[in-house]
Amino acid sequence: MISTINSEWIKLRTVRMNLVLFIIAVAFPVIVSVLVASLGKIEDLRASDVVGVVTGSSVVTALLLGVVGAVSISAEFAYGTIRPTFAATPRRTRVLLAKAVVIAVFAAVAEALVVVFCFLVSSGIASSRGATVSLDGEPEARAALIGIVIFAVIVSLLGFGIGMIIRNTPAAVAVLILWPLVVENIIFLILNAAGVDHPQKFLPYISGFGLGDPNKATSDSLSRVNGGLYFAGVTLTVALIGALITSRRDA
Amino acid sequence: MISVVDLSKRFGRTTAVDHLSFDVMPGIVTGFLGPNGSGKSTTMRCMLELDRPDTGGASFGGRAYHQLSSPLHEVGALLDAGYVHPGRSGRNHLRWLAASNRLPRARVDEVLELVGLTSVGSRRVKTYSLGMRQRLGLAGVLLGDPQIVVLDEPANGLDPEGIRWIRDVLVHLASQGRTVLVSSHLLSEMAQMANDLVVIGQGRLIEQCSVAEFVERHADRWVRVKSPAVDALVHAATSQGAEASMVDATTAELRGITTVEVGELAARNGIVLHELSPQTGSLEDAFLQATASAQEFAARPVVSP
Numbered sequence: 221m222i223s224t225i226n227s228e229w230i231k232l233r234t235v236r237m238n239l240v241l242f243i244i245a246v247a248f249p250v251i252v253s254v255l256v257a258s259l260g261k262i263e264d265l266r267a268s269d270v271v272g273v274v275t276g277s278s279v280v281t282a283l284l285l286g287v288v289g290a291v292s293i294s295a296e297f298a299y300g301t302i303r304p305t306f307a308a309t310p311r312r313t314r315v316l317l318a319k320a321v322v323i324a325v326f327a328a329v330a331e332a333l334v335v336v337f338c339f340l341v342s343s344g345i346a347s348s349r350g351a352t353v354s355l356d357g358e359p360e361a362r363a364a365l366i367g368i369v370i371f372a373v374i375v376s377l378l379g380f381g382i383g384m385i386i387r388n389t390p391a392a393v394a395v396l397i398l399w400p401l402v403v404e405n406i407i408f409l410i411l412n413a414a415g416v417d418h419p420q421k422f423l424p425y426i427s428g429f430g431l432g433d434p435n436k437a438t439s440d441s442l443s444r445v446n447g448g449l450y451f452a453g454v455t456l457t458v459a460l461i462g463a464l465i466t467s468r469r470d471a
Numbered sequence: 091m092i093s094v095v096d097l098s099k100r101f102g103r104t105t106a107v108d109h110l111s112f113d114v115m116p117g118i119v120t121g122f123l124g125p126n127g128s129g130k131s132t133t134m135r136c137m138l139e140l141d142r143p144d145t146g147g148a149s150f151g152g153r154a155y156h157q158l159s160s161p162l163h164e165v166g167a168l169l170d171a172g173y174v175h176p177g178r179s180g181r182n183h184l185r186w187l188a189a190s191n192r193l194p195r196a197r198v199d200e201v202l203e204l205v206g207l208t209s210v211g212s213r214r215v216k217t218y219s220l221g222m223r224q225r226l227g228l229a230g231v232l233l234g235d236p237q238i239v240v241l242d243e244p245a246n247g248l249d250p251e252g253i254r255w256i257r258d259v260l261v262h263l264a265s266q267g268r269t270v271l272v273s274s275h276l277l278s279e280m281a282q283m284a285n286d287l288v289v290i291g292q293g294r295l296i297e298q299c300s301v302a303e304f305v306e307r308h309a310d311r312w313v314r315v316k317s318p319a320v321d322a323l324v325h326a327a328t329s330q331g332a333e334a335s336m337v338d339a340t341t342a343e344l345r346g347i348t349t350v351e352v353g354e355l356a357a358r359n360g361i362v363l364h365e366l367s368p369q370t371g372s373l374e375d376a377f378l379q380a381t382a383s384a385q386e387f388a389a390r391p392v393v394s395p
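The listed protein sequences derive, respectively, from chains A and B.
According to the working numbering, the first sequence is numbered sequentially starting from 221.
According to the working numbering, the second sequence is numbered sequentially starting from 91.
Incorrect hints may have been included.
[Claimed, not checked] Listed next, with one range per pair, are the computed distances between beta-carbon atoms:
id	chain 1	residue 1	chain 2	residue 2	range
1	A	350	B	176	51 to 57 angstroms
2	A	325	B	267	42 to 48 angstroms
3	A	402	B	93	47 to 53 angstroms
4	A	360	B	220	56 to 62 angstroms
5	B	144	A	247	47 to 53 angstroms
6	B	93	A	222	31 to 37 angstroms
7	B	127	A	469	18 to 24 angstroms
8	B	177	A	449	33 to 39 angstroms
9	A	469	B	217	29 to 35 angstroms
10	B	203	A	355	54 to 60 angstroms
11	A	469	B	203	33 to 39 angstroms
12	A	222	B	307	51 to 57 angstroms
[To be verified] No more than 20 angstroms apart at the CA atoms, straight line, and that leaves these computed lysine to any residue pairs for SDA-like:
id	chain 1	residue 1	chain 2	residue 2
13	B	216	A	238
14	B	216	A	300
15	B	216	A	301
16	B	216	A	240
17	B	216	A	233
18	B	216	A	236
19	B	216	A	297
20	A	436	A	370
21	B	216	A	235
22	B	216	B	181
23	B	216	A	230
24	B	216	A	299
These are calculated hints, taken from the structure and not from any lab test.
Bear in mind that the values here come from a model prediction, so they are computed numbers and not experimental data.
Heads up, the beta-carbon is just placed ideally off N, CA and C, and yes, glycines get one too.
Construct all of the structure, not just a fragment, from the sequences and the given hints.
If you want it as structure tokens, here you go:
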């Protein structure tokens, strides 16, 4: 298993596109956080506000890490490298598990770096402008910073799952990126038509994003932990379907 | 040794491979020959368990592919030299392959050297020529120093020099006692590389024999004669059951008769000969003849009596 993980890690870091995605993923929230901390009103720069900007802008990081997850498998089908991969490691579940581990760890490390860096930089800038940004006595803000990292891991695995099912890079990426806009709305309409109370509570991506929300959950949404578990469950289902298809179908 | 036993694979209603069985022996190069679309690649994918066969399967030294603990050490396979990520360097392509089977990193540089790609190992594969990609593919095959080598159309798109290089490598591998199976749709190519042939058409085994036997059995043979009195000679030959066709006013081709018989016929009838030579059709003709009969058989329309 270690050798398969090592092999998949080499694959991930030896493709230039992943490096480009990583740079964009890191740069975007850094730029936004710096701009808000530099230009925002001092009274809008409390800890929860800064955390909100950091987690809100690093959603882009999470989505791009999801793209890395999707492409890590769809590109294998596009270029045919899935065949030498399965020929070298005939146990397909081992390959898929190794990919999932590599993607999840990569996403966790990348998102944690982004969150820590953005928070330190923007709180530093805000402090120099006279605002006091401290996480002391702000359990929700602290939980949100950790939560957004978990959210990024789940999104990267959602991308991987979608990639296993769809196999086509542009289509898989489109489904992932449009998920929050399109898929969630479709689920909303179905739940609403079915007469479910508070249907917005049961939108997986929105619920999952609650992980990184510095404000406490309202009656309209699931709690941070429940929302995260729900989104993780939906992602696990997608990934398991993808793994089942990939291990059964001709490579 | 490789054994393929009762292998069948259907795609929807199309039967790509139809109860195919054959053995591949160590120490020689075995050519896997068939026209395009005859099921060679599908057979190879099924052998490596990339496609799931509907019946039967393959074994390598008695074990199914998934039972090999470290496949690259035992079976080196090149299905398509295009199965590489264009954005990855050749060296990095070999590195992930090597890592998956715990092969040392130094081995990557060894095989790059072996196939002559050391100087371009750091370049991205998209900058490689077709020949360089085939060499990279072969480097991947050699990575684990396997006893069994399976190659699908390795000479495809190569220039004569490249084909000769591949041939030399395969002959060398076989001379070391390895089992080598290599596919092609060109008999002339196979005749240069292989000792034994497994010939398939429409997914079925047509013949398994040596290259020489195959040519012997299927090649077209005739006698070419040139004579100022060719008409008289043709008349004498056809009256003995030969078939004749005129090439020009003094030259004819005779089938169903040997050069000895034609010579004796000429002597008996006092006919002057300017040329008397045995002719053999090309390898490609032999191959087309052998596989055409399979296709003809399959495509023959059902006519009610």
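*Does the Cβ pair residue 127 (chain B), residue 469 (chain A) satisfy 18 to 24 angstroms?*
Since the Cβ atoms of residue 127 (chain B) and residue 469 (chain A) sit about 22 angstroms apart, the hinted range of 18 to 24 angstroms holds.
*Status of the given 29 to 35 angstroms range, CB of residue 217 (chain B) versus CB of residue 469 (chain A)*: With Cβ atoms ~33 angstroms apart, the hint holds.
*Should the hint that residue 350 (chain A) and residue 176 (chain B) are 51 to 57 angstroms apart at their CB atoms be regarded as holding?*
Since residue 350 (chain A) and residue 176 (chain B) have Cβ atoms about 53 angstroms apart, the given range 51 to 57 angstroms holds.
*Does residue 216 (chain B) pair with residue 235 (chain A) here, judged by a C-alpha cut-off of 20 angstroms?*
12 angstroms, holds
*Verify the proposed pairing of residue 216 (chain B) with residue 233 (chain A), using a straight-line Cα cut of 20 angstroms.*
17 angstroms, holds
*Please test the hint of 42 to 48 angstroms on the beta carbon pair from residue 325 (chain A) and residue 267 (chain B).*
Since the Cβ atoms of residue 325 (chain A) and residue 267 (chain B) sit about 44 angstroms apart, the hinted range of 42 to 48 angstroms holds.
*Could you see if the CB distance from residue 360 (chain A) to residue 220 (chain B) stays within 56 to 62 angstroms?*
Given range 56 to 62 angstroms: holds, Cβ gap about 60 angstroms.
*Does the alpha-carbon distance linking residue 216 (chain B) and residue 238 (chain A) stay inside the 20 angstroms limit?*
17 angstroms, holds
*Does 54 to 60 angstroms hold as the CB distance between residue 203 (chain B) and residue 355 (chain A), or does it fail?*
56 angstroms, holds
_Hint check: residue 436 (chain A) vs residue 370 (chain A), CA-CA at most 20 angstroms. Holds or violated?_
Distance of about 17 angstroms is within 20 angstroms: holds.
*Sort out whether residue 300 (chain A) lies within 20 angstroms of residue 216 (chain B), counting only the CA atoms.*
Holds, at roughly 14 angstroms.
*asked:* Given the hinted pair residue 216 (chain B) and residue 236 (chain A), is their Cα-Cα distance within 20 angstroms?
replied: 13 angstroms, holds
When held up to the earlier numbered hints, the structure conflicts with none and fits them all.
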